[in-house]
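Peer 1: All chains, full assembly: derive it from the sequences and hints.
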Amino acid sequence: QKEVEQDPGPLSVPEGAIVSLNCTYSNSAFQYFMWYRQYSRKGPELLMYTYSSGNKEDGRFTAQVDKSSKYISLFIRDSQPSDSATYLCAMTYKAAGNKLTFGGGTRVLVKP
Amino acid sequence: NAGVMQNPRHLVRRRGQEARLRCSPMKGHSHVYWYRQLPEEGLKFMVYLQKENIIDESGMPKERFSAEFPKEGPSILRIQQVVRGDSAAYFCASSPDRGRVLNEQFFGPGTRLTVL
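Read top to bottom, the protein sequences are chains A and B.
For the first sequence, the positions run 1 to 112 when this note's numbering is used.
For the second sequence, the positions run 1001 to 1116 when this note's numbering is used.
No wet-lab data here; the hints were simulated from the structure.
C-beta: ideal position from N, C-alpha, C; glycine also.
Careful, some of the hints might be misleading.
[As the list claims (entries may be wrong)] Below are the DSS-like pairs computed for lysine-lysine, each with C-alpha atoms no more than 27 angstroms apart in a straight line: (1) A:Lys94 x B:Lys1044; (2) A:Lys99 x B:Lys1071; (3) A:Lys2 x A:Lys94.
[What the hints assert, rightly or not] Here are the computed distance ranges between Cβ atoms for each label pair: (4) A:Glu15 x B:Asn1053: 44 to 52 angstroms; (5) A:Asp58 x B:Glu1063: 18 to 26 angstroms; (6) A:Ser53 x B:Arg1078: 36 to 44 angstroms; (7) A:Ala17 x B:Pro1061: 20 to 28 angstroms; (8) A:Tyr71 x B:Glu1072: 27 to 35 angstroms; (9) B:Glu1063 x A:Asn27: 26 to 34 angstroms; (10) A:Asp58 x B:Met1026: 28 to 36 angstroms; (11) B:Arg1078 x A:Asp66: 37 to 45 angstroms; (12) A:Arg41 x B:Glu1063: 41 to 49 angstroms; (13) A:Lys70 x B:Pro1039: 35 to 43 angstroms; (14) B:Lys1062 x A:Ser28: 27 to 35 angstroms; (15) B:Arg1009 x A:Lys94: 40 to 48 angstroms.
Peer 2: Dropping the structure here:
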C-alpha cells in the first residue's frame, strides 16, 4: 500500500464547475500538507500549503485537512481551461526534514 | 530572480553509459532536493543536499546513483551504467534557509532521461 493515495483520473469538468480533488494517507505522523499543480512537461508549482487540520482559502482555491480521517482535499471554484493540469498532493512531518511524500497525481481537464 | 535551472532538459543515453544531470538552485537558496518521476507516477524523493553535505539520501538507490552539491557550481546527480529502468523525469527543487520547520520547495523544469 502506498503511503499517499490519489485517484489518477482523468477528472473532466465543464468550465465554471467546482473541481474536487482528494488524497488519503496512512502515516499519522504527517503534519504539513501541500498541493502542487503540474502542467505537462513542466515542474510542479506550489498552490497551497496547510499545517495540521483545518481549512485554508486562497482565491479560487480551498484546501481542507482532516487528520482524524487521514484525508485532504483541494477545491477549485469557477474552474477555467487554464486549470487543466495534474494536481499532486504532498506531505511531510517535522522529523522528515524537508523530504516530501507525493501522491501519484490527478489529471484534471476543464472543458470550455 | 531566475528560477531553478536544470540542464539538460532532455538526455538520451544508451545502456551502460553515464548520465549527469545538473541543477542550479534559485539565488540565495542553499538547500537542494532531487526527485524522480516515473511515467504516470508521482514524484519520489531521492536525496537532500546542502552545500558540500548530503543531508538525507534515503531515497537513493544503493548502487550507480550519486549526488553532490559543491561549494561552487551546480548540484549534480550522476547515474552510472544506466539501464532502461532509469528512464524518467528527474526534478530538482531548492529552498531557502528561513529557519522554519518546513521551507517551501521551488521546482525546476526537470530533465527527461531516456535510456535506449
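Peer 1: Is the distance from the Cβ of Asp58 of chain A to the Cβ of Glu1063 of chain B consistent with 18 to 26 angstroms?
Peer 2: violated, 43 angstroms
Peer 1: Tell me if the beta carbons of Lys1062 of chain B and Ser28 of chain A are separated by a distance inside 27 to 35 angstroms.
Peer 2: holds, 29 angstroms
Peer 1: Evaluate the given range 40 to 48 angstroms for the C-beta pair formed by Arg1009 of chain B and Lys94 of chain A.
Peer 2: violated, 35 angstroms
Peer 1: Is it true that Arg41 of chain A and Glu1063 of chain B lie within 41 to 49 angstroms of each other by Cβ?
Peer 2: violated, 29 angstroms
Peer 1: Does the beta carbon distance between Arg1078 of chain B and Asp66 of chain A stay inside 37 to 45 angstroms, or does it fall outside?
Peer 2: This hint holds: roughly 42 angstroms between Cβ atoms.
Peer 1: Is 26 to 34 angstroms respected by the C-beta to C-beta distance linking Glu1063 of chain B and Asn27 of chain A?
Peer 2: holds, 27 angstroms
Peer 1: Could you see if the CB distance from Glu15 of chain A to Asn1053 of chain B stays within 44 to 52 angstroms?
Peer 2: This hint holds: roughly 48 angstroms between Cβ atoms.
Peer 1: Could you say whether the range 27 to 35 angstroms given as a hint is met by the Cβ separation of Tyr71 of chain A and Glu1072 of chain B?
Peer 2: Since Tyr71 of chain A and Glu1072 of chain B have Cβ atoms about 45 angstroms apart, the given range 27 to 35 angstroms is violated.
Peer 1: Go ahead and decide if the range 28 to 36 angstroms is satisfied by the Cβ distance of Asp58 of chain A to Met1026 of chain B.
Peer 2: Given range 28 to 36 angstroms: violated, Cβ gap about 22 angstroms.
Peer 1: Could you see if the CB distance from Lys70 of chain A to Pro1039 of chain B stays within 35 to 43 angstroms?
Peer 2: Given range 35 to 43 angstroms: violated, Cβ gap about 27 angstroms.
Peer 1: Could you say whether the range 36 to 44 angstroms given as a hint is met by the Cβ separation of Ser53 of chain A and Arg1078 of chain B?
Peer 2: Given about 41 angstroms between the Cβ atoms, the range holds.
Peer 1: Measure nothing beyond the straight line between the CA atoms of Lys94 of chain A and Lys1044 of chain B; if it is 27 angstroms or shorter, mark the hint as holding.
Peer 2: holds, 18 angstroms
Hint check: violations occur at hints 5, 7, 8, 10, 12, 13, 15; the rest are consistent with the structure.
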